[in-house]
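In order, the protein sequences belong to chains A and B. The first sequence begins at 102 in our numbering and counts up one residue at a time. The second sequence begins at 286 in our numbering and counts up one residue at a time.
Hints listed in this document are in silico derivations from the structure and should not be mistaken for laboratory results. Please read all numbers here as calculations on a predicted model, not as lab measurements. From the three backbone atoms N, C-alpha and C, an ideal C-beta is built for every residue, glycine too. It is possible that some hints are incorrect.
[Claimed, not checked] Derived CB-CB ranges, DEER-like:
| no. | chain 1 | residue 1 | chain 2 | residue 2 | range |
| --- | --- | --- | --- | --- | --- |
| 1 | B | 596 | A | 243 | 18 to 24 Å |
| 2 | A | 129 | B | 311 | 30 to 36 Å |
| 3 | B | 571 | A | 243 | 51 to 57 Å |
| 4 | A | 177 | B | 596 | 25 to 31 Å |
[Stated by the list, open to error] Each computed DSS-like pair below joins lysine-lysine, with the alpha-carbon atoms no more than 30 Å apart:
| no. | chain 1 | residue 1 | chain 2 | residue 2 |
| --- | --- | --- | --- | --- |
| 5 | B | 441 | B | 405 |
| 6 | B | 479 | B | 405 |
| 7 | B | 540 | B | 383 |
| 8 | B | 442 | B | 379 |
| 9 | B | 442 | A | 188 |
| 10 | A | 188 | B | 297 |
| 11 | B | 305 | B | 681 |
| 12 | A | 188 | B | 293 |
[As the list claims (entries may be wrong)] Only some residues are given here: those of chain B computed to face chain A with a beta carbon under 7 Å:
| no. | residue |
| --- | --- |
| 13 | 597 |
| 14 | 599 |
| 15 | 601 |
| 16 | 607 |
| 17 | 610 |
| 18 | 680 |
| 19 | 684 |
| 20 | 685 |
| 21 | 687 |
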Amino acid sequence: MPGIIETKRLTKIYRMGDIELAALRGVDLVIEPGEFVAVMGASGSGKSTLMNLLGCLDEPTSGEYRLDGLDVAALDRDEYADIRNQKIGFVFQGFNLLARTSALENVELPLLYDRARRIDDPLRAARDALERVGLGDRFDHEPNQLSGGEQQRVAIARALVNQPSIVLADEPTGNLDSRTSIEIMEIFQELNGRGITIILVTHEHDIAHYAGRIIEMRDGVIVGDAPVRDRRDAAIDVAALRRSGGEGKAARP
Amino acid sequence: MIGSFQFKNLMKTAFRSILKNRMRSFLTSLGIIIGVAAVIVMVGIGEGAQKQIQDELASLGTDVMMVFPGASRFGGVSRGAGSWSPFTLSEVEKIREKATALRALSPVVRAGGQVIGGGKNWSTSTYGVDPEYFVARNWDVALGEIFSTRDVINRKKVAILGKTVADELYPSGNPIGERIRIRNVPFVVIGVLKPKGQSSMGQDQDDIIIAPTNTVMYRLQGHPRIDFLIASARSSAEVDAAQEQLRNILREMRKLQDEDADNFNIRTQADLVETAAETARMLTLLLASIAGVSLVVGGIGIMNIMLVSVTERTREIGIRLSIGARSVDVLTQFVTEAVVLSLIGGAIGIALSFAAAFFVNRLSSLEMIINPGTVVLVCFVCVGVGVFFGWYPARKAASLNPVEALRYE
Ligand SMILES: Nc1ncnc2c1ncn2[C@@H]1O[C@H](COP(=O)(O)OP(=O)(O)OP(=O)(O)O)[C@@H](O)[C@H]1O
Ligand SMILES: [Mg+2]
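Make the full structure from the sequences, and use the hints.
Below, the structure written as structure tokens:
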């Protein structure tokens, strides 16, 4: 089966004046459609850099990258933008919502730039996306009127609204408490269940164990790549948490 | 490419950003507001002046012409040397016989000086004319009567007062039959003229005394010199023909050779008004371009604030880029914002200029006309200013790198 994401010897070198910093030093990676991958690794190991390249936010210094069979290196700036719009949904640690803009309008945003016009009713699509992340009653709330978890769910709805095949999440639970984190993971697992490929960066092992595969990075290269044997089900954990009165962390096995 | 959903969002974003910093936006548009108001007011006053001139042309009749002694290069009333050759009374008589295209012809003799009457003092100009003057100028008395040709020949000391002079000397009462002294010469008032109001040059046309030609010549001036002639054609359509005939008669009478230039110069009322209107037009253009400079200054203000806005909103730009905005989308967004800002300034400026027009027309003798064409043009100029000065900041926003923009604190 061909990978939805295939990279070969992908490198990224940042130049600051005459200092060169190799953030990625040859990443070979194949991710198949429908996978749920967690990327782990120490701070500065190049996780975000890799996500930016995979998400067509930035160009690699060298190497090959095929996205859905498309040779990304051959594309121009506008085509990069279109890929971000059509194929990829981003979720960031800091939510990155527009301030003073309602949840609904934030979610509508990607549809503004949908040149293919695959969605004829933007308002409905935005409502549906918000309902899917459980925010059916928060359409008109602005980011500063929402909790961190709710903001992140708005961001996920925004990532989903254009029906991408890949969702890239860079430490989506980094700013959230553990209970809210598991609720977010429940959403990701649910999306993954519908066939969306998910790549998620995290520092926390228990978060990574909601994924199906864990990639370990160090100094700009992949040093470990293994399926998760004891994969957890976020829905069950959330239910358990609810039963125990919503207190503290999820019960660990 | 832009659908209604996109357009609505573009506007919403622009207004949100502008309203977020109300004071800043207002101060930024101030240059545009002042520029737009100034341009419309200047053009409006210029057009008002032109209209006043044209109205005057209509009221005077287009059939009037004046004949000045001296070549035209000295200007109508210039006292230049050289071919200066004043008209004489016998010339006037000869022209009257021959000039069939003329309806009326009168010499005009000017005398300044003090008038005393009704126990008051007033300084005005006295004009000596023939009765045909009133025909030529299409002017009649409101009270009393006009003197006759016999009065002219007899140098009778009678005077017709302009409205202003009558009001000054006899504020309450009928001046007919009153005795006045012009330069110490006694006259009897036999009439008061109908008011004519201000001329386009701002002169009070009613500040005048009119007396018989010969009276002014011999009793006031003491020498038989005519300052100029005033005439009217049989109709406005015949002005050119009458002018040509008059010219030929004068050249023949003065025995000018073919190579000689005219030693007189005929100006039709239309010429005079055209000259005045042209002057007014030039002035309008000059004032409007000076006012236009403030539009440029306003545009620079917009550019400045847009640059600030782009920096402040780097993160927002990063977010938009990350979800798939193309450079052109970001460019459009910021140019739109600049245009909206400029148009808001323009709208306020237009409103201000309408208020100015109301007060100018109410409270001053100037007339200000705002024509819709100017307003539409100004709106286009505002769009142009917005695009032109918004382009560079928008370009800057559009060329940001998505990753760097997202990392911007
Ligand atoms: N724009 C940049 N300019 C220069 N150096 C950069 C830039 N972005 C990242 N780096 C460097 O590249 C290396 C990898 O950074 P990256 O952000 O990918 O790490 P990370 O694995 O995401 O770390 P963290 O877990 O702290 O988020 C780091 O050493 C970082 O300093
Ligand atoms: Mg990172």
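Evaluation of the provided hints:
no.: 1; hint: B/596 / A/243: 18 to 24 Å; result: 23 Å, holds
no.: 2; hint: A/129 / B/311: 30 to 36 Å; result: 58 Å, violated
no.: 3; hint: B/571 / A/243: 51 to 57 Å; result: 52 Å, holds
no.: 4; hint: A/177 / B/596: 25 to 31 Å; result: 26 Å, holds
no.: 5; hint: B/441 / B/405; result: 23 Å, holds
no.: 6; hint: B/479 / B/405; result: 22 Å, holds
no.: 7; hint: B/540 / B/383; result: 16 Å, holds
no.: 8; hint: B/442 / B/379; result: 26 Å, holds
no.: 9; hint: B/442 / A/188; result: 105 Å, violated
no.: 10; hint: A/188 / B/297; result: 27 Å, holds
no.: 11; hint: B/305 / B/681; result: 22 Å, holds
no.: 12; hint: A/188 / B/293; result: 25 Å, holds
no.: 13; hint: 597; result: 11 Å, violated
no.: 14; hint: 599; result: 12 Å, violated
no.: 15; hint: 601; result: 6 Å, holds
no.: 16; hint: 607; result: 5 Å, holds
no.: 17; hint: 610; result: 5 Å, holds
no.: 18; hint: 680; result: 14 Å, violated
no.: 19; hint: 684; result: 9 Å, violated
no.: 20; hint: 685; result: 11 Å, violated
no.: 21; hint: 687; result: 5 Å, holds
Hint compliance for this structure: hints 2, 9, 13, 14, 18, 19 and 20 are broken, all remaining hints hold.
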